[in-house]
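Use the sequences and the hints to build the structure in full.
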Amino acid sequence: MLKQQTVPTSLGQLTVSSLTLGELRQLDSLFQEKPSAENSGLAYLLRYLPMIQNAVQKVHQDLTEDQLENGLTFDDFTILFNAMLEVSGLKKAAEGEPTP
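According to the working numbering, the sequence shown is numbered sequentially starting from 1.
It is worth saying that the hints were derived from the structure and are not from the lab. Check before you lean on any hint, since a few could be wrong.
Below, computed lysine-lysine pairings styled on BS3-like, alpha-carbon distance capped at 27 angstroms [said to hold, decoys possible]:
hint, residue 1, residue 2
1, K58, K3
2, K58, K92
3, K91, K3
4, K3, K92
5, K58, K91
6, K92, K34
Written as structure tokens, this is what we have:
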């Protein structure tokens, strides 16, 4: 059963679903990569966008990566990334945050 969490973003309310084991393996390999000269700063963080898209597309199937990239703010990205980690069991909700 997929866990889900709905969060407010610039694109409206988006629901993030938990990642599958295969997606978690991909996420782990991203965590293991070290930043390089051509892949540093914001570019280093944005490499997680496809994982966020996977988590969002399970409910919002018509939402493309371009729409996410061009419609989200950095705060939205952070909120969605944290929600993805929470519903996938990789981050506990902080005090006062909703539990999925």
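Hints versus structure:
A distance of roughly 11 angstroms separates the Cα atoms of K58 and K3; the hinted pair therefore holds under the 27 angstroms criterion. Distance restraint check for K58 and K92: the Cα-Cα separation of roughly 22 angstroms lies within the 27 angstroms cut-off, and the hinted pair is therefore satisfied. About 13 angstroms separates the Cα atoms of K91 and K3, which keeps this hinted pair within 27 angstroms; it holds. Among the hinted pairs, K3 with K92 is consistent with the structure: their alpha-carbon atoms are about 14 angstroms apart, no more than 27 angstroms.
The suggested pairing of K58 with K91 holds, with an alpha-carbon distance near 20 angstroms, which does not exceed 27 angstroms. Restraint check for K92 and K34: satisfied, since their Cα atoms lie roughly 25 angstroms apart, inside the 27 angstroms limit.
Every hint, counting from the list given before, is met by this structure.
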